[in-house]
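Novice: One letter stands for each residue in the lines below.
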Amino acid sequence: MSHSHVSTTINGQAVQYACPTDASLLEVLRDQLGMTGTKEGCGSGDCGACSVSLDGRLVCSCLVLGVEAQGRTVDTIEGMADKNKLHTLQTKFLEHAALQCGICTPGVLVAARSLLEKNPDPTEQEVRYWLAGNLCRCTGYDKIIRAVLEAAKAMREEQA
Amino acid sequence: MSAQTKQFKVIGQRLQRPDGIDKVTGRARYGADIDAAGMLHGKILRSPHAHARILSIDTSAAEQLNGVMAVITRADFPTPHKGFEDVQDNCMAGDRVLYDGHAVAAVAATSKHIAKQAIKLIKVQYQVLPHVTDVEQAIQPDAPVVHSGLVSRRVPKGFSENVVRYSSFGHGDIETGFKAADAVLERTYKTEATHQGYIEPHACMASMGLDNRADMWVCTQGHFWIRNMCAGVMAMESASLRVTASEIGGGFGGKTTVFIEPVVLALAKKSGRAVKMVMTREEVLRATGPTVSTMMHVKVGMNKAGRITATYAKLFYQAGAYKQATVDFGAMPAFAPYALENVKTEGLDVITNRPRTASYRAPGAPPACFAAESAIDELCQELGLDPMEVRLINAAKGGTKSSYGPTFEDHGLIQCLEAAKAHPHWQAPLEINQGRGLAAGFWFNFGGETCVSVFLNNDGSVTVTEGNPDIGGSRASISMMVAEELGIPYEQVRTTVTDTGSLGPNEPTHGSRVTFAVGLAAIKSARAIIDEIRARLARMWEVDVTDVVWQDGAAHYTGNKAGTFEPLDLRQVADIANNLGGPIAGHHEANAEGAGVSFGVHIADTEVDPETGFTSVKRYTVIQDAGKAIQPDYVEGQLQGGAVQGIGWALNEEYVYGEDGCLQNTGFLDYRIPVASDLPMIDTVIVEVPNPGHPFGVRGVGETPIVPPLAAIANAVSRACGKRQVDLPMSPPKVLASMQKA
Ligand code: FES
Ligand code: FES
Chain A
2 MSHSHVSTTI NGQAVQYACP TDASLLEVLR DQLGMTGTKE GCGSGDCGAC SVSLDGRLVC
62 SCLVLGVEAQ GRTVDTIEGM ADKNKLHTLQ TKFLEHAALQ CGICTPGVLV AARSLLEKNP
122 DPTEQEVRYW LAGNLCRCTG YDKIIRAVLE AAKAMREEQA
Chain B
2 MSAQTKQFKV IGQRLQRPDG IDKVTGRARY GADIDAAGML HGKILRSPHA HARILSIDTS
62 AAEQLNGVMA VITRADFPTP HKGFEDVQDN CMAGDRVLYD GHAVAAVAAT SKHIAKQAIK
122 LIKVQYQVLP HVTDVEQAIQ PDAPVVHSGL VSRRVPKGFS ENVVRYSSFG HGDIETGFKA
182 ADAVLERTYK TEATHQGYIE PHACMASMGL DNRADMWVCT QGHFWIRNMC AGVMAMESAS
242 LRVTASEIGG GFGGKTTVFI EPVVLALAKK SGRAVKMVMT REEVLRATGP TVSTMMHVKV
302 GMNKAGRITA TYAKLFYQAG AYKQATVDFG AMPAFAPYAL ENVKTEGLDV ITNRPRTASY
362 RAPGAPPACF AAESAIDELC QELGLDPMEV RLINAAKGGT KSSYGPTFED HGLIQCLEAA
422 KAHPHWQAPL EINQGRGLAA GFWFNFGGET CVSVFLNNDG SVTVTEGNPD IGGSRASISM
482 MVAEELGIPY EQVRTTVTDT GSLGPNEPTH GSRVTFAVGL AAIKSARAII DEIRARLARM
542 WEVDVTDVVW QDGAAHYTGN KAGTFEPLDL RQVADIANNL GGPIAGHHEA NAEGAGVSFG
602 VHIADTEVDP ETGFTSVKRY TVIQDAGKAI QPDYVEGQLQ GGAVQGIGWA LNEEYVYGED
662 GCLQNTGFLD YRIPVASDLP MIDTVIVEVP NPGHPFGVRG VGETPIVPPL AAIANAVSRA
722 CGKRQVDLPM SPPKVLASMQ KA
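If you're matching them up, the sequences are chains A and B in order. The opening position of the first sequence corresponds to residue 2 in the numbering used here, with each subsequent residue numbered one higher. The opening position of the second sequence corresponds to residue 2 in the numbering used here, with each subsequent residue numbered one higher.
Just to be clear, a hint being listed does not mean it is correct.
[Claimed, not checked] Below, a list of computed lysine to aspartate or glutamate pairs in the EDC-like style, where the Cα atoms sit at most 20 Å apart:
#, chain 1, residue 1, chain 2, residue 2
1, B, K271, B, D77
2, B, K121, A, E127
3, B, K619, A, E127
4, B, K619, A, E125
5, A, K84, B, D20
Hints in this document: simulated from the structure, not taken from any laboratory. Since the structure is predicted, the reported quantities are computational estimates derived from the model, not experimental observations.
One chain only, chain A, in its complex shape (with noise of 0.2 Å):
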C-alpha cells in the first residue's frame, strides 16, 4: 500500500502525517493521529458519528480520504472547547442532558456548531433537518433540539 504525505490543519494546528492512499480521514484521525473523540458508527456515510468540519464544510470523515485533507482545515469535537471553556453547545447539552450514552454526541455537536455558523437562529425544524444525518439511538432528539435551539439563543444574546 502506498503512502502520501499530507500537510493539514487540525485544530487550529498545524499537522503533517503519512497515510496509506485509501485512508479515510476517520481512519487518519482515529487509528493514526489518536484522536478518538470523533467515532465511527457505520464508515458509509449513514450515522454522522463521525462528522468533521473541512475548511468549515461538515463532512462524514468517514467518507473523505485522509490525503483530502492536505493544505485544508480539519476542525473536530477535540477542538470545541476553548481550552478550559466549553462551547455554548457543549455547556446546553449537558445542561439539558441532551446525551445518554453520548457515542453520537461529537458528531452532533461539530454538525450543530456548524448549523450555528450558517445560521443562528434556526427554527426547531431547521435544527430537525439539518440533524437528519446525524443518528442519535438513546434520546429520541427530544432534548437534542432543545439543546441546539437553547444554545443558538445564548449565543445570539452573547452577541448582542
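Since the structure of chain A is provided, determine the placement of chain B with the ligands on it from the hints.
Specialist: Structure of chain B with the ligands alone, referenced to chain A:
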C-alpha cells in the same frame, strides 16, 4: 418515614453527570478508542449462506500472508463449559453455518488492511442446505429443520421440529368469558425483527499471557457476564480473566452477551499478542442479536359496558438459530395492564436460519403488547366505546391477580391513565387524515445480582464502586442516592464503574435494574458506613451507640449528656478515622428483590397520506410511573428514547431477508432508524407512585417505554386511515395496499 412524605435534598434535582464533560469533549473512551503496544487487528470471516454444511476450511494461504499472526477456526476452541455450547457455536460455527453472517474463521494481523486481505484468502467449501427464515414457514410440518431433536415435551403436535418450546400462562376459563362478551374479536398480527441499533458497533481488545491469564477491554452492558461467558466458551476460570468495561455507545439489551469477545481471546491466545476487533455496521446487523419476528393470534371478548370478559393469545416468536425463552416475555405481559377474570396466553419458540436473537429493551413484550392493545382498540371502535374509559374500567391495580400469575403490589397504572386523560394532548383536535392512538404497556422490572462498595476517603469525599456500565446517567443517580443517604453534597461523591477483578459479580445493565438495584445496594453500603461511624464515635465518646444518630450529614450525640459532644460531619470523621481503628467502608452484596412493576401509557397522533400511505407522527406523549425519579432528566430521556425506538419498530425498521435467506438491508441506509426530522418533540409526564421495595421508591424506567408505542402508533394509523393495521412495520406500500382493499 415513607418515601412519599420524605423531603429530599439531592434526589429529584436535575444534576449533571460525572461523565458529561468527557462525553461532550470527545475525551470519553469507548470500545474502539483504546490501543495497546504491539496490538494486532482481528477480523472475522462470515458465512455467505443461510444454512450450509462446512466441508472444509483451508487457511494456509491466509497464514502465509506477511503480517498475519494467527488464523483460527472452531478447531482452535476448547470444549466449552457445560451450558455454553450454544454461545460458543454462535461465536464460531462448528460443522454447520446456521445463518447468513455466522462466523466461520478469524485472523489477527499487524494491520486492519492485512487482516481484511487475509480473510479473503481463507477457502471454505460449503454444502448448501435448505433454509428457512420466516416464522410462518418455519412452523409448517415440511419446513427445513434448523436443529433436530430440540423439541421439548410440551410442544403440541402438528408443527415442524423448529417449534422447540411451549409455555402457557393465565387463569379462569376463557370459553366462559367469551360467551359473556357482546363482541369478540379475533385477529392475526405480525411483526418483523428489528435491531437495537446502538450507534457504537461492538468492539473489544484482549491479551492473554502464557499462563492463560487474560485482560479484556470491551464495550458491554455487563462485563461480569462477558467474563463468565468468555470463561465458559474458552473453558477458563473466571478469576483468570479480568474484564474492564469501556464507556458504552448504547446497548438496549444487545450488549449483554458475547459475539466477538471469545474470538478475540482465542486470537490473543494463539498469537500471543494483544488483539483488537471492531465490528463493521454490516457485521452488527448480520451477526449480532436482533429481536424476534412474530406471528400472533389474539382473541378478545368485551361487553357493551367496556368490560373485557376474556383474552387469549397464541404467540409464535421466531428467535433465531438457537432455543430461546423470549416468547415467555411476550406471553406474560401481553394483557398485564388489565384485571381479567379469564385470560390465557400461549408461547411457542421457533428456531430459524437467522442470527441468535438478543435482548432488546423489554425483550418480547412490544410485539405481544402491539397485538393485545390493537385488539382492544378495535373492539372499542366496534362497540363505540372510548378507549381511555375502557382502559380505566379494566385497569389492574395493587392487589389484582396479574395475567401471568403473581398478585400486583401498588403501582401507578391508574394514575398514568388519569394523567393521560387529563393531558391536553388527549383532548386536542385532530385534522383530516389524522388519527389518535392510545396504548398501555407493562414491564416486570428486575433486581438481580448486585455488589457495591462505598469508601470514605481520607479527605471525607466518598467513592462508590459499582459494576454496571452507565449508559444514561446512572453514575449520577447512584451518587445522588448516596449523597442523600449520607446527607452530603452530590459533588462530594464520585461513582466509578469498576472492573471484574475489583468487585463481586453484577448482572448487566439490563432489566431496568441499575437505578433500582445498584441504588439499593449503594444506599445499604452508605448505611453500613453510617453504622460504623456511629459505633466508633460511641466508643470514643464512651456513650451508648443508640444515642449517636446520623442526621443532616453529621453524627450527633442525643443522649442525656447532650451538649458535651460537638456534632462531627463526614469530613471531620474522615480526619480522625485512622485514630479510631482505620479506614471506613461499607459494602452490600445481594440479589435485589422488590424491583416493582412498571406501567406506561402512550398517546400518539399520526397523519397518513392517502396518496402514498406514508405516516408522519404529529404528536406523542409518554406517561409513566417512575416510582421516584432520582434525576428527572434521565428518566425523561429513557421515556423519549424508548418511545422513539418503538416508533421506528412500528413504522420503518425491519430485517429484510431475500429468497436466499441472506439479510438484504445491512446498513443504516436501508435499515432506517428514526432521524430527527421524522419526529415531533416527545412529551413526557412522570407519575410517581413509590415502589415499596426501594427506600426512595425507585422503579426501573428503561424498558417499559418501548412496550406501548407499536400499538399506540398502529392504533393511530388505523384510526387515521380507516383500516386496521395488523402487520409491522407499517411501511407506506403496506398501509396504502390496506387502504385500497375494499
Ligand atoms: S461513521 Fe461516518 S457516517 Fe457513520
Ligand atoms: S446518546 Fe446514545 S446515540 Fe445519541
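Novice: Hint by hint, say whether it matches the structure.
Specialist: How the hints compare with the structure:
The suggested pairing of K271 of chain B with D77 of chain B holds, with an alpha-carbon distance near 8 Å, which does not exceed 20 Å. The straight-line distance between the Cα atoms of K121 of chain B and E127 of chain A is roughly 45 Å, outside the 20 Å bound, and the hint therefore fails. Distance hint between K619 of chain B and E127 of chain A is fulfilled; the C-alpha atoms sit about 17 Å from each other, no more than 20 Å. Proposed proximity of K619 of chain B and E125 of chain A is supported: the alpha carbons are some 14 Å apart, at most 20 Å.
With a C-alpha separation of about 18 Å, the suggested pairing of K84 of chain A with D20 of chain B holds against the 20 Å cut-off.
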